Amino acid sequence: MANLLALIHNETIKVWRKKRFAVVALVLIVLIPVFVYAQMKIAQNNASKFADWRSELQQRITDNTNALSSERIPEEWKRWRRALVQQLQYYLDHDVNPNTPNAVTFTSSFLENSVSLFIPLMVLAVASDLVSAERSTGTIKMLLTRPVRRWRILLSKWVTLILYVSLIVVATVALAYLISGLAFGYEGWGEPVFVGFEPQGSDIELGAVHAVTRGAYLLMEMGLVWFSALVVATIALMVSVLLRSTAASLVTMMAAVISGMILANMASSWHSAKYLFNVNLDLTVYLQGTPPPIEGMTLGFSLAVLGVWGAAALATAFAVFTKQDILA
Amino acid sequence: MDKTRIESDRDVILSVQGLKKNIGRKTIIRNVSFDVRAGEIFGFLGPNGSGKTTTIRMLVDLIKPTSGRVLVCGEDVNRHPELALRYVGCIVENPEMYPYLTGWENLEHFARMQEGITRERIREVVDIVQMDKRIHDKVKTYSLGMRQRLGIAQALLGSPGLLILDEPTNGLDPKGIKELREFIRKLADSGMSLFISSHLLSEIQLMCDRVAIIAGGEVIAVGSVDELVKQAGSYTLWQFDKPEAGLRLLEGSGDVAIVGDGEHRIDEALLASLPGAIVTVMDEESIPEWIERFVAAGVRILAVHKTAPSLEELFLKLTEGESVG
Amino acid sequence: MSKGKSGNSRLWPILGLTMLLCTALMLVGFAAALRDAWFPSRGIAVPEASEPPKAAEGGLADKPQWLVAALGDSLTRGTGDETGEGYVKRTVALLKEASGKPVKLVNNLAVNGLTAIRLSDQLEQRGVQQAVAQADIVLLTIGGNDLFQIAQSGGSIAEGRDVSPELLERLIPQTEPLLDEIFEKLRRINPNARIVYVGLYNPFYDMEQARSMSAHILDWNDYAHRLAAADGNATVVPTYDLFESNVKAYLSSDHFHPNAKGYERIAARIVQSLE
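Protein chains in written order, with UniProt numbering: chain P, 1 to 328; chain U, 1 to 325; chain D, 1 to 275.
Since the hints were derived computationally from the structure, they do not count as laboratory data. Among these hints, one or two may not hold up.
[Claimed, not checked] Straight line, CA to CA, 25 angstroms or less: simulated BS3-like cross-link-like pairs of lysine-lysine: (1) P/Lys19 with U/Lys140; (2) P/Lys49 with D/Lys248; (3) U/Lys175 with U/Lys133; (4) U/Lys140 with P/Lys323.
[Unchecked claim] Computed list of chain P residues with no C-beta within reach of chain U, every gap over 12 angstroms: (5) Ala6; (6) Leu26; (7) Pro147; (8) Gly190; (9) Trp309; (10) Ala312; (11) Asp325.
Since the model is a prediction, treat every value here as computed from it, not as a measurement. We treat Cβ as the ideally placed atom computed from N, Cα and C, and that holds for glycine.
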């Protein structure tokens, strides 16, 4: 009976030697500079247009207020904009710049933008073939004829997955910070940022608003992104057990993640969509205080939905993996 | 250490008892039972599609039997794979290893899955299969023969009492097959039991002590290879300068049966090399006596050839026997 | 035995430990996020605000550069201008040309459909005050939405339905004190800026029943003029004559807001008034 650590050791080495993480890192290294460049252009543009960040902020408030008055934009967009205006106004009233161009703010916003699609895709690169690759190459016959119970093998794969998800989130943040720092400078950890905005219907409750440092904000954001990535990874593990083919499980999971993103953008009128896991992936909205995709969603609600989906996926994966016949 | 205890404790190392497997509504395996004893080379003979592969997979817990059980050294493989599989090394179909790892890393990987396998043991098995030169190269650069050897090394890691090899000669050249045969014999001499599947009777005849024959999901015979072959009967082919005279002599005796043209399944190539040969079934021991008789009668013998029945024939005989009695 | 093997044996402890630390960090972050959401602390103190820039004293001619802030309704926003420039951007460009000085727009804080009372409220906002405070020139349009009672969107008008000379006559006295208040607030926020109020015009001049409104609009512009004169550093730019002779040529398709040509003429007037 081999101990679990040895099994995790095996799985970790296999994922690493398959160069899965190298691919993720490479994609990040290629992609981040593109966004840094775009962000730099925006910052330069703003700097040439506005003498002062306050003017820029005030202009954003005014522009969004104007957009609100148009009758042509849909109600959920208005809800979102109204919340944004109130937040920006709060920043202006407290004389805090919400968007200082520095590496920490860039990293934060990069993370916010990648939580619902980019990070899940990176995680799928590792998760989707964790089991199915053993099948397609036939190594599963070696793996399962060793004197180890099957649930231990799957458990070691899941733990390895958790470890890699953590590594991917940290690597994303580290690379975003290091690369954007070249353009924006590495300061900004101690700057204040407001949290605790609570969207209430079409308004924002300001009672619980308080300031935290950018560093603490980034850390909390990472924690939330990590949790949703972990749920995606766990569901991908189950799909990989059920579908047996890497390509099929990758396509299935990508379809789920992408349709979740689309639903989150347009399904506010379909209320029961909020019980789907893929609509709940962007946990950072609760930290940012922007209205959730569907009214009535809260941090606790989303965590519960994701938790239930993750637990069910894990249970299914274990039930199937420990019983299934390896026929081919 | 474990191995000696078990060998002295009980003679039977692998016991298969009433295996049955349904997949969907189809019954793939009806009733498979046999025992493999310590230190023997046990053949598992059956044509493709006979349920051979499914049975082997049930032996190593890759497929769960619908009913029946598999005991290795007294441990149920299905209920306690973590105990039973300690005594088993196996290669099911092709020896597939992780191509992106080196041979050594593959061995390390599988060594970690079982307690008590030291670095020295890994080195030992590498020496046994003579892979020390290429062991630190990635497996994707290996030839099929090397993969086979690495697979065997992996199977030997845990010093198993039982080694299961599924069609081990598949894809090997004649030299490789000969080497493998010698290697298997060496392992058996060291006290290990071997379970070897094949669809070629000749191969089983060359390698195995005992054999189980499977057809249509059922074991139709278990026994020593010689016994079974004898049971099926072998043919003696006679070629004379004057076939009519020889035939007359043979027909005159009560204990020789002449086999007509359409009644046997002897290899065409063999028959072509012995034109006009008379096919008989007779007692082996009486052959020298018969030769003397022909010589005395002035019938000159061009060739005498003894041939084993083909697998097909063996099956025919075995199933006939079953239906008769 | 070989380098490959020793490389491998180092990989696991390093990789394993790194990933363990990453996971621990993620757990801390996750816990912190939950704690902050469910048991919020009082948060860190926000650092002292830095002083926002203020406009320099002195006359326009003496300043090395001019900062412009624009306030008001859809006219200042530039609604109806198919190029999207409006009179504000055109004014800035023309001023740059005419004066030879760098002229920069601080903010265009106009909101479609803004009424005088809402502008007065807006002037209490910190961001708006800061924008006005640093400006050397404040461009302003207001009153149109109060007097013409146009739909808040500022885009559509039900042809002449809720515009009538009688209504206008009733509304002007109610709105005049608000204009007073706005001038007063602007001056309090920025004692030095030149305030440029762009006067109202009669967009319905071509309609028989609405032509008499022009007299009331002139009354309003007169009132604004008197306020400007009292202030001493303010200008009222008349526009009513620009849209009388050929209404169609200078108004946009909504028959209320100027089109690009109309805005161009307004900008030219403003620049003239500042020369």
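Closest CB of chain U to the CB of P/Ala6 still more than 12 angstroms away
Answer for P/Ala6: violated, closest chain U Cβ roughly 4 angstroms.
Quick check for students: does the CB of P/Pro147 sit more than 12 angstroms from each CB in chain U?
violated, 4 angstroms
Distal placement of P/Gly190 relative to chain U, Cβ over 12 angstroms:
holds, 45 angstroms
Restraint status (C-alpha distance of P/Lys49 to D/Lys248 at most 25 angstroms):
violated, 34 angstroms
For P/Ala312, which was marked as not at the interface, is the minimum beta-carbon distance to chain U over 12 angstroms?
Check passes; 24 angstroms lies beyond 12 angstroms.
Has the given pair, U/Lys175 with U/Lys133, been kept, meaning a C-alpha gap of at most 25 angstroms?
OK: U/Lys175 and U/Lys133 at ~20 angstroms, within 25 angstroms.
Given the proposed pairing of P/Lys19 with U/Lys140, does the C-alpha separation stay at or below 25 angstroms?
At roughly 15 angstroms apart (the allowed maximum being 25 angstroms), U/Lys140 and P/Lys19 satisfy the hint.
Regarding the assertion that P/Leu26 does not contact chain U, is the least Cβ-Cβ distance greater than 12 angstroms?
For P/Leu26, whose nearest Cβ neighbour in chain U is about 17 angstroms away, the distance exceeds 12 angstroms, so it holds.
For the pair supplied as a hint, U/Lys140 and P/Lys323, confirm whether the alpha-carbon distance does not exceed 25 angstroms.
Outside the cut-off at roughly 31 angstroms; violated.
If we take the beta carbon of P/Asp325, is the closest beta carbon in chain U still more than 12 angstroms away?
Contrary to the label, P/Asp325 does not stay out of reach of chain U, its closest Cβ about 4 angstroms off (not over 12 angstroms).
Minimum Cβ distance from P/Trp309 to chain U greater than 12 angstroms, as the annotation requires
holds, 29 angstroms
This entry does not satisfy hints 2, 4, 5, 7 and 11, going by the numbered hints stated previously.
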